Amino acid sequence: MVNLIKIAFRNLLRYKRRTLLTSILIVIGVVLVVATVGFAAGFKSSVTSILTDSTLSHIQVHKQGYFENVTTSPLDLFLDKGEMQDLKSVLDNNKAVQVYSPRINFSGMLSNYTETTNMRVTGINPLKEAETCPALIDRISGIENKKQFVRPGEVIIPDVIAKAFSLNIGDTIVLVSTNRHGSMNGLTLAIAGILESYGGRFLRDGYVHIEDAKTILRMEEPEISEVAIRLNNLNQLEPVSKQLTTNLHIGEADSPTTYEMHSWKTLSPFTSILVLVNMITYVIRFILIAIVLLSIMNIMMMAVYERTREIGTISAMGTSARRIRGLFLMEGLALGAVSVCFGLLLGGLVLIILNALNIVFSAGPFTLKLVTEISLMDLITITATVLIISVFASLQPAYKASRLDPVDALGHV
Amino acid sequence: MSLIEIKDVSKIYNTGEVKVAALNSISASIEQGSFICFVGPSGSGKTTLLNLIGCLTKPTEGSITIAGAHVNSLNRSQAAHFRGEHLGFIFQDFNLIPVLTVYENIEYPLIMVKNVPKKERQALIFDLLAKVGMLDQKNKYPHQISGGQKQRVAVARALVTNPKVVLADEPTANLDHKTAFKIIGVMKAMKESLNTTFIFSTHDPKVVKEAEIVYTLEDGQLLGIKKGVK
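Chains V and Y are the protein sequences, given in the same order. The letter at position 267 of the first sequence is residue 1118 when you use my numbering, and the numbering goes up by one with no holes. The letter at position 120 of the second sequence is residue 373 when you use my numbering, and the numbering goes up by one with no holes.
Careful, some of the hints might be misleading.
Claimed, not checked - Some chain Y residues flagged as far from chain V (calculated, every beta-carbon gap over 12 Å):
| # | residue |
| --- | --- |
| 1 | G341 |
| 2 | A411 |
| 3 | P458 |
To be verified - List time: in silico DSSO-like cross-link candidates among lysine-lysine, alpha-carbon distance up to 27 Å:
| # | chain 1 | residue 1 | chain 2 | residue 2 |
| --- | --- | --- | --- | --- |
| 4 | V | K939 | V | K1065 |
| 5 | Y | K367 | V | K857 |
| 6 | V | K867 | Y | K393 |
| 7 | Y | K391 | V | K857 |
| 8 | Y | K371 | V | K857 |
| 9 | Y | K479 | Y | K444 |
| 10 | Y | K367 | Y | K393 |
What the hints assert, rightly or not - To give a feel for the contact side, a few chain Y residues facing chain V, derived at Cβ under 8 Å:
| # | residue |
| --- | --- |
| 11 | T310 |
| 12 | R336 |
| 13 | I350 |
Keep in mind the hints are simulated off the structure, nothing from the lab. Model, not experiment: these values are computed from the prediction. Glycine residues also receive a C-beta, built at the ideal position from the N, C-alpha and C atoms.
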């Protein structure tokens, strides 16, 4: 094997310029894939982090039918005390669940005494919410106590409303809403913070303390609209979702369904962007495969043609067809291996440089800092792809070499 | 029994609709340890006969037996194995592998054909390098040595697997007279020391004189066998 590798490398160096050009082509392909995958992974990670850590959390549980009507924040679809106790029991017994935050969602009218506008309000326990969505407080300006970022009597309003109504920290507003029985109520609240908006559904979101939500909506017991759940590890999303689905008896035909559950992927309107980003990486991977396949097949076919007499010589000496095939396969593999190594190194360097440049860009409603990242699995996949395609591209030339008639090959000029 | 038995061998090439008889009912017996020359003009069938004995092609008619094996019936893979075990080749253009050194060229059949262990390989190669006078050139690449030196390396490579027969198609054609005689001398010395059968073809009448037995071919037919020239 060592001799086979040695001969393969020497044969590659025989035509230095051609080998170099082919290798450069593969290196460029690998760098392109590494950069794209690194950028895509970083982008996905950033967007996922923004969505899950500041608003959605990893999983949300609602009353059956709530999600279908989520835009109207239906007050009649809530989890009552008994249902909440059952849910808490399930969540507390699941070790993958880090923390959860019960929320009361409702639509309200915000008035600064001269103007009125609508706002989507979430009543929360700030301690629980800060743990469930740790990035939320970073999006709120003006808060003094990061853990108790909204206390009873206080409100967090979105920046678009603050700007439109010229509202500042400490100003008071009146928040009015109608409860599920049609009874209207209002509460005067002081602005404790101003929330940076994402846009879309999250453009007019505000927060009040859960006790104030109960007061405005005249609830005797909290009527929970949703429970936001944070997991210890986002990678556990699928198995934990399955566990919770089973434990909460969701989707079971023989039992009345109380809960519905959605992961952040279902809840986020931006998941399709992430799918698109994934598709782009697949296109780039396909381009890499084409580059490796065509360039290595080309160089190996030329090698077989130019070394026909040499193949005749080694065949005459008694080299088996299998060994001749092995020689050419090893040559293709060696070229792929060297190229992918340089490609990965150069690709890694490109990612480091991109990170060092601190590039900030806008992607839809998000302002993101470009942080690239690439997993070991991605590196292994890229390497394996190049190596497998290298061997595959060398198969036909290697087979042709092994089938050459020694007499014809020796007579080749 | 002779080492090589050739019985009524014919070889016809089909070139489109035209059939060309390269050899026509040739018979011969070649003994172990002989030093034989095939002589004749271009197109006489020398190379075809060497290719048939070398199991590189099959006769259209007749049979060839080498070391007791009916080589006509060998398939492609068996023929390759047989060549590796029993035959050595020397070519007119030397056909050394350009990316390998002198030492590695001789080592090649021991690794790729016979899987000989490293220590054993070293002993065999150094012995042959000394015999062909190339020991001091062992680390050079083919492009760094002369034509005569290349052919010495080719002789060593052909002999390193200890074959029963070495076939050489015009081994001196690309060499000057002085070098050609040296190569023939090396081949003869090897034949003496290893008892290997050498069969070579040539146009050169002076080289022919060096052979023990001369087979004269013309138009695919064996015209005569001359023994005891030297």
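Which hint numbers doesn't this structure obey? 1 and 2
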